[in-house]
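Asks: Listed below are the residues making up each chain.
Protein chains: 2
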Amino acid sequence: MSFPTVGVIGAGQLARMMVPPAIDLGISLSLFAGASSESGAQIAPHTVGSLSNTGAVLEWASHCDVITFEHELIAPELILALEATGVKVFPKASSFTFSQNKLAMRKKMEELGLPNPSWQEYDGGTPEIEFPLIAKSISGGYDGRGVFKVNDLSELQSLHASIGQTILLEELLNFDYEIAIMVARSPQGQAATWAPTLTVQRDGICTQTVTPVPELSKALVAKTAQIALLIAQGIDLVGVMAVEIFVVGDHLIVNELALRPHNSGHWSIEGSVTSQFEQHLRAVLDLPLGDTALLAPYAVMGNVIGIETDKSNDLYRPYLHLMARSPGLKVHQYMKELRPGRKVGHVTLLGADLLHLRSEVSHAVDYLSGAIDE
Amino acid sequence: MSFPTVGVIGAGQLARMMVPPAIDLGISLSLFAGASSESGAQIAPHTVGSLSNTGAVLEWASHCDVITFEHELIAPELILALEATGVKVFPKASSFTFSQNKLAMRKKMEELGLPNPSWQEYDGGTPEIEFPLIAKSISGGYDGRGVFKVNDLSELQSLHASIGQTILLEELLNFDYEIAIMVARSPQGQAATWAPTLTVQRDGICTQTVTPVPELSKALVAKTAQIALLIAQGIDLVGVMAVEIFVVGDHLIVNELALRPHNSGHWSIEGSVTSQFEQHLRAVLDLPLGDTALLAPYAVMGNVIGIETDKSNDLYRPYLHLMARSPGLKVHQYMKELRPGRKVGHVTLLGADLLHLRSEVSHAVDYLSGAIDE
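Protein sequences appear in the order of chains A and B.
For the first sequence, the positions run 17 to 390 when the working numbering is used.
For the second sequence, the positions run 17 to 390 when the working numbering is used.
Honestly, the hints are just simulated from the structure, not real lab data.
Hints should not be assumed to be uniformly reliable.
In this list, chains with the same sequence are indistinguishable; a pair is considered to hold if it fits within one copy or across any two.
[Said to hold, decoys possible] Straight-line C-alpha distance at most 20 Å; calculated SDA-like pairs for lysine to any residue:
1) LYS359 x GLY42
2) LYS327 x MET17
3) LYS327 x SER18
4) LYS359 x ALA387
5) LYS359 x SER18
In isolation and in its complexed conformation, chain A is listed as follows (with noise of 0.2 Å):
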């Protein structure tokens, strides 16, 4: 055995994370990149290429003993084209596509036993759900991207017209709060959690995260590492997935899954003994997993978020004031072009006082992000 080589199918911040924990354990990353510009491309090494281009895929991961991805939008037919080489492929195409198409999900959660919102296939009509309620591309949706709600019947219709295929109807939910957890497994079946994390979210997106969820019960936490861990083996995966649940008072409702190392996840750098990029290549590697335990009362993280400015797009001096205001801050740069709704960054803070964490934290972000400027 020797050193190997692990292939990310996509270079954005993901793969660049994927990073550090590769230089400590000695292995060597290669990314299919766009371009050699995007994030993790500008410090790994990578080959620049179209996805569209199968041979060039093929080739690329003959180099490489085995293949992963670091986002959703792989033609699930390239996945297939690489299995059938022979190379090994974590998630396994018939994993993944509960990542990638959102019917197919739902109907696993439901074979598995899992809770499940109302939903049903759209191709015309009445719907049986009550407006309002949510409509979901069945694939090619990504981070709240083909995800609408939807008033009434047209509104629905014309939305259905724009799309031009079927698609799902969800429940609208009044839930109390959006959870997550990250989930990882090893071909040989070896799983392992981390603790479930408070997403907060504005506009569809992501804005911070708290590790471990406040004031959820030990029943809750159980039975939410119950639902990922059932997940993880009904779909046989191999890596890393965050499970995106939704609460509503003692009932837990899976909204997604994500096979990939996970914005709800980035905690785990510093939060946790082994993060969840250390994890995902340890699974993928069919090496044993990492202790998930957490190495502080919280962990609360905050995405840094381009907003609509005049400003320079100064990502460095706003160090000189946020690292002497807040010493133990963790800023995890990108180096992305700072654009409107962009994730450009993150940064973690860990300690037990949870309410000066969160300040902090909201401070933080939107002080690198132009937002404010004291």
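Start from chain A and add chain B according to the hints.
Replies: Below, chain B alone, put in the same frame as chain A:
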């Protein structure tokens, strides 16, 4: 302001371990390496050249915002030449000399009123210090090299003849144990220490560290920090520095200084909110220093040291056993060829049960190096 480039002279494992925090903070590194195969050069942008080619070093440095070092084996003239071009160099030549010249260091400690062992310059004749004693090369020593135990006059005279220049003699201390403390200081004079570290040596090589030092009294902990801060200020340190100290009863005696990230601070990568490598970058960039708090009751670090063996140089296969046995073990590979006596990696384990941590770390490094099979 925009994201700066830090130039590092040297491309060994210390440069390698600066890479992850540089990635997080969006800082570019540029290493001046002897070869592309060196530990740090394998994973970071670098220029290959010889330190004896001053022109090449100055040309490389002109593309960096600040220059720093990862080892002491740099001609003082080269550092002065860099400073003469106006580029920022940290630590400064006038500080770095106390890391390079053991005689200048002893004189400086005396000037600062800090505790030296008995010492003298030696150019021949009968020494004032009693045998057995310690003899040191004044410059060129590094990690225990250039340090000799001398039993009698004839040994001393032949050593002196073989070195061919003035040497430094020091009393052989019957110390209780050796500790080290890391300290960081910025150009503005902000300074921060980490908890002192017990350094366990075998044949003059550090094999394991324990942080904080078990059973070191509060008074001695405070005195250790005070000594480190006094030296940092007294030599106008910029960057991080290790202060190695002998503990003799209630007395602390300064042994050596190393003005760079140091083996006795590796525990801080996982064990502290801010690692020595991140802190070094922050200091040389004149950014506010980070929190140096511990994240666990104890952090135990063990060096993976090459042994004489017929077995293959496989540092990856051991992961299968070690990661299953110690899910919290953090492995750092330097990706250097395994040679007898050479540090090729280290592992760190955090926790509260010190005996368990020390025995797991010992087992892990011996299993990695091939010294034990199970």
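Asks: Each hint: holds or not?
Replies: The hints, checked one at a time:
1. LYS359 x GLY42: Classified as between: cross-chain Cα gap 15 Å, same-chain 29 Å, threshold 20 Å.
2. LYS327 x MET17: Between copies only: 13 Å across chains, 52 Å inside a chain, cut-off 20 Å.
3. LYS327 x SER18: Intra 49 Å, inter 14 Å, cutoff 20 Å: inter-copy only.
4. LYS359 x ALA387: within (14 Å within a copy, 47 Å between copies)
5. LYS359 x SER18: between (36 Å within a copy, 19 Å between copies)
Figure legend: structure checked against the earlier numbered hints; every hint is met.
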